[in-house]
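Given these sequences and hints, build the entire structure.
These are the residues of each chain, in order.
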Amino acid sequence: MDPAFLDNSLWRNIYCNLAGDSAGCAAREYSAGMLPTGMEWLAFALAAAAIIGLFVNGVLGGVIVLIWGERRLFGRFQTRTGPNRWGPFGLLTPVADAIKTMFKEDVVPKDADRILFNLAPVMIAAPALLVFSVIPFGVGTYVADLNVGVLFIMAVTSLTTLAVLTAAWSSGNRIAILSAFRSVALLISYEIPMALALVGVIMLAGSMSLGQIIGAQSIPFILVQPLAVFVFFIAAMAEMARAPFDLTEAESELAAGYLNDYASMKFGIFFLAEFMAEISTSAIITVLFLSGWRGWEPVPSHLWFGAKLILVLFVIIWFRMTLPRLRIDQVLKLAWKGLFELTLINIIVTAVLIAIWPEPTTTRLWIMAAVNWPVAIISIWAVSKLLGTSGYDDTEPDSDAPVYPVATEQIPGSAVHISGVTGPDTQARISSPANSHIEQGGN
Amino acid sequence: MIGLGLPRGFLVTLKNFVRAPVTVQYPDRHVGLFGAAKEAGMNPFRFVVKRPVDSIKAIAGLATVPVALEQSPRFRGNEFTFYEDRCTACASCAKYCPLGIIEIVSVPGKIDAQEGESYKLEVFDIDIGRCMFCGLCVEACPYDALHMGTKFERSTYVRDELIVTLDELNAAEKKPSSFYRPQFEENAFDPYTETVDDHYDAGRHERPSDEDLKKKWVDER
Amino acid sequence: MAIKTQPVTVNLGPQHPSTHGVFRLRVMFDGEEIVDVEPVFGYLHRGSEKLAEERTYTQIVTLTDRMDYVSPMLNNQAYMLAVEKLAGIEPTQRGVWLRMIAAELQRIASHLVATGFLLQDLGALGTPLIYAMRERENILDLFEMLCGARITNSYLRPGGVFMDAPTGFWLALDRELVDIVNTLDELEEYLSGNEIVFSRTKGTAVLAPELLINASITGPMLRASGVDWDLRHRNPYDYYDRIEFKRILHTASDNYARYWVRVQEARESVNIIRQCVAQIEPGPVRPSFDDVPRLIRPPKGDAYVAIEGSKGELGFYLVSDGGIAPYRMHVRAPSLINLTLLRDMLIGGLFGDLFVSFGSVDLNMGEVDR
Chain A
1 MDPAFLDNSL WRNIYCNLAG DSAGCAAREY SAGMLPTGME WLAFALAAAA IIGLFVNGVL
61 GGVIVLIWGE RRLFGRFQTR TGPNRWGPFG LLTPVADAIK TMFKEDVVPK DADRILFNLA
121 PVMIAAPALL VFSVIPFGVG TYVADLNVGV LFIMAVTSLT TLAVLTAAWS SGNRIAILSA
181 FRSVALLISY EIPMALALVG VIMLAGSMSL GQIIGAQSIP FILVQPLAVF VFFIAAMAEM
241 ARAPFDLTEA ESELAAGYLN DYASMKFGIF FLAEFMAEIS TSAIITVLFL SGWRGWEPVP
301 SHLWFGAKLI LVLFVIIWFR MTLPRLRIDQ VLKLAWKGLF ELTLINIIVT AVLIAIWPEP
361 TTTRLWIMAA VNWPVAIISI WAVSKLLGTS GYDDTEPDSD APVYPVATEQ IPGSAVHISG
421 VTGPDTQARI SSPANSHIEQ GGN
Chain B
1 MIGLGLPRGF LVTLKNFVRA PVTVQYPDRH VGLFGAAKEA GMNPFRFVVK RPVDSIKAIA
61 GLATVPVALE QSPRFRGNEF TFYEDRCTAC ASCAKYCPLG IIEIVSVPGK IDAQEGESYK
121 LEVFDIDIGR CMFCGLCVEA CPYDALHMGT KFERSTYVRD ELIVTLDELN AAEKKPSSFY
181 RPQFEENAFD PYTETVDDHY DAGRHERPSD EDLKKKWVDE R
Chain C
1 MAIKTQPVTV NLGPQHPSTH GVFRLRVMFD GEEIVDVEPV FGYLHRGSEK LAEERTYTQI
61 VTLTDRMDYV SPMLNNQAYM LAVEKLAGIE PTQRGVWLRM IAAELQRIAS HLVATGFLLQ
121 DLGALGTPLI YAMRERENIL DLFEMLCGAR ITNSYLRPGG VFMDAPTGFW LALDRELVDI
181 VNTLDELEEY LSGNEIVFSR TKGTAVLAPE LLINASITGP MLRASGVDWD LRHRNPYDYY
241 DRIEFKRILH TASDNYARYW VRVQEARESV NIIRQCVAQI EPGPVRPSFD DVPRLIRPPK
301 GDAYVAIEGS KGELGFYLVS DGGIAPYRMH VRAPSLINLT LLRDMLIGGL FGDLFVSFGS
361 VDLNMGEVDR
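Chains as they are written, first to last, in the numbering used here: chain A, 1 to 443; chain B, 1 to 221; chain C, 1 to 370.
In case anyone wonders, no lab produced these hints; they're calculated from the structure.
Using N, Cα and C, we set each Cβ at its ideal position, and we do this for glycine too.
Wrong hints could be hidden among the right ones.
Derived lysine-lysine pairs resembling BS3-like cross-links, with alpha carbons at most 25 Å apart [claimed, not checked]:
#1 A:Lys-337 x A:Lys-385
#2 A:Lys-100 x A:Lys-110
#3 A:Lys-385 x A:Lys-333
#4 C:Lys-50 x B:Lys-95
#5 C:Lys-300 x A:Lys-385
#6 B:Lys-57 x B:Lys-95
#7 C:Lys-246 x C:Lys-202
#8 B:Lys-175 x B:Lys-214
#9 A:Lys-337 x C:Lys-300
#10 B:Lys-95 x C:Lys-300
#11 A:Lys-333 x C:Lys-202
#12 B:Lys-120 x B:Lys-175
#13 B:Lys-214 x B:Lys-120
#14 B:Lys-120 x B:Lys-216
#15 B:Lys-38 x B:Lys-57
FRET-style restraints, in silico, Cβ to Cβ [said to hold, decoys possible]:
#16 C:Arg-297 x B:Arg-19: 22 to 32 Å
#17 B:Arg-19 x C:Phe-245: 28 to 38 Å
#18 C:Pro-17 x A:Ser-384: 23 to 33 Å
#19 C:Pro-282 x A:Ser-384: 56 to 66 Å
#20 B:Arg-8 x C:Ser-216: 34 to 44 Å
#21 C:Trp-170 x A:Ser-384: 42 to 52 Å
#22 A:Trp-296 x C:Trp-170: 57 to 67 Å
Here it is in structure tokens:
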């Protein structure tokens, strides 16, 4: 076992407690394992099972709380109360929803490709869970600290679209296919700015490991890399297909998009995966830009991480509640013409800054922040000017434009003849004949 | 200017975020400790000491307080209020009903001690399941015998139970709506707190005095 | 290498979240672009016009409530004007003022619904919709004070209204008018400058005024193209000739212009209500039963009266054979006629704009199918 893989991870703690002072646990003092010597394989398996159980259930529990919290927040944004009937403060509402979902009839359409149709929920749930394996939730609370953690996240999150495409294709539904097309278009467009936005962070941290990126953030990178945060946030919203980029399941257009034909717990798994993606995206933003679990003592690191996570989730929900959906052409235009340029600007500026001040210390990071913020504001303004169609201030009608003079007898350009009406008639009352276009018709 | 519209939108939603919710919770409302204590008529400290279980429930968000909906006195609801003593079985209501859901069977021979002979109602059925509460029957009633009700809860599992019979109408609580009954509005009658049990009070005319009755029914004959 | 593509026909509706009722669109897509549209409607047909032939003139009011169920007061008004013209009934002053106030409140409510649902179609996840509906609820509360019902009002009677406003109504109305303006301000603050709303609605589904006139499209849709056609001004019914109001016109004729016209018209309706309140005088609200009996028997003949409904020219055509029920009733339903240019609006556009343009027509299936 690679010691670097095991070092200080949750897995290692469990494994070493079970297996005792074995080869992988040399870095720490463990007097004696719970299991006899020679049973390392059992310790390995038990530790793995414990980790899987802990993470899957932890994430699902988080999703349950998020569903409740999101609905409560939706309610508050819309000056409603949100769900509050079932359980304390409505906390059991998602549980009731889950039970209802499980007991629904599992319908598979006649024309569906059964194998793929059943496979798609698995395909969407697996990557959504995998992302959590590299996220450090606090000091020493992670499954693995990969040296290519960022790359791993990018790779795994891309798999979601494959699942969406599978779901849409296998259900044999045209609306679902339209939704899958949108999903693929979104992925291809937004993967690039998302990856490029992270380049600046990676350059600053000098590593792709999430642990080391947190270590490098003596001040949160949201201050140092405003452009990267801006682009990454938008791209992440698009990646997980949340409003204003919820084109794949645009409720008012595609009804539910690729989910149209799913029922029962298969639908439930898609739903869970969606919320898992929301949590994982917030966690990634927390780690990369809000300095992860770092904070001031004596508050434990997990609480810092949780607080930042909730903050990011709140902002995502706020976005979702406020913004109308973008159209597909606007979404793609935003990615290729707007965000792509912004990331390039960010990379160039960051590269220059790092060339001037290699080995960024706290002071140097502050100087970089001071340089980056004006650059960010100017470039976002310039790009929005470039992208925006004219007439954003033009809420009032154009006073010069011609107004049709209907009061005249004949309307130009048409053969419509309006008779009997010549303007405001003070005598026009209910009983007066001028009130009607038709005088006395035949009977 | 471009770029300012979206932040303004965010501020509007944030402003609404901190606004009091407009949701009307019905039939009961979830309250916290203070609300529960107020409902019990104690101050919170006393409430915690006297009723610890209830106060724990209230802190956990499980305490509820019944809510009465705010309705207009003119609300056109079900449970028609009907005064058989005012009814002459003229069947105006049945004639004016756009759906024809009022069934009236009457026989001559009802003797009123004060008012003499009149028709007696045998059947007065309203099929509330088909009623659309337009109020035309109430408007048509010349003697203010039929009034709209002010309730709205009448769900059943069987449609037949939605036919309101004469006995049910007579037994129902008399909480007439002031729809097309200006006399209630003039008296500032509130159907949600008061009832009109005496059929004399439900009419748009003043209650006749004994002299008037004597004049009408004894002297003029 | 050329990729072979093929248009896809998709059925949107009758069960679809944003078809504003039970409406079906058979749409042919080439990718995201709309190639062909075929609207199918009639799912909500209840035969109101035929049912009217079996009912007395007063009973028909209840049917008109259910035609355009987001503006029943305006339907009541149009129908009652037609009955009054047919039977030669002179309405009472206070009755007319009251029904004008009710109608203008209803216009605000209807425009709020139209605006809210337009933004719902834009994908705003219900927030602006709920802000709009919140205010509509308050207007419906006023209706409950007036006539005891929120939607199926049946408030109007031949010659006026069935009952005078209760004492608390005027104070509540004053407060509500302030609230409406605040809500409209808030909606405009939220949306009128919103870049996403702008880029989604500006320049989409543009219709030339000539086309609109030839298709006899009326209402905010026509006024958004710069045609100054408002029956309240052109052919004043009730007491609109005693009211000063601004006609709201926009010239762009796109989805944004339609949204803008509706919001501004709702503002102007507040103005109209204030003038009505200033001019209303005490008096009877309906003619005595000696003048207008409960059972009207209009003389033989026919009458057509159109009013400026919330969606356009709302007309009722009544034919009387001298009996207690009309021989024939026909409704000129603006929702149905405004739908006629649907193909011109949608074809060539993108899927994302389909329901936005559709919603900007502000149609109501209850009125389309009747």
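Structure-based check of each hint:
no.	hint	result
1	A:Lys-337 x A:Lys-385	holds (12 Å)
2	A:Lys-100 x A:Lys-110	holds (24 Å)
3	A:Lys-385 x A:Lys-333	holds (13 Å)
4	C:Lys-50 x B:Lys-95	holds (20 Å)
5	C:Lys-300 x A:Lys-385	violated (67 Å)
6	B:Lys-57 x B:Lys-95	violated (55 Å)
7	C:Lys-246 x C:Lys-202	holds (24 Å)
8	B:Lys-175 x B:Lys-214	violated (31 Å)
9	A:Lys-337 x C:Lys-300	violated (70 Å)
10	B:Lys-95 x C:Lys-300	holds (24 Å)
11	A:Lys-333 x C:Lys-202	holds (17 Å)
12	B:Lys-120 x B:Lys-175	holds (24 Å)
13	B:Lys-214 x B:Lys-120	holds (23 Å)
14	B:Lys-120 x B:Lys-216	holds (21 Å)
15	B:Lys-38 x B:Lys-57	holds (15 Å)
16	C:Arg-297 x B:Arg-19: 22 to 32 Å	violated (55 Å)
17	B:Arg-19 x C:Phe-245: 28 to 38 Å	holds (32 Å)
18	C:Pro-17 x A:Ser-384: 23 to 33 Å	holds (32 Å)
19	C:Pro-282 x A:Ser-384: 56 to 66 Å	holds (59 Å)
20	B:Arg-8 x C:Ser-216: 34 to 44 Å	holds (39 Å)
21	C:Trp-170 x A:Ser-384: 42 to 52 Å	holds (49 Å)
22	A:Trp-296 x C:Trp-170: 57 to 67 Å	holds (60 Å)
Checked against the numbered hints above, the structure breaks hints 5, 6, 8, 9, 16 and satisfies the rest.
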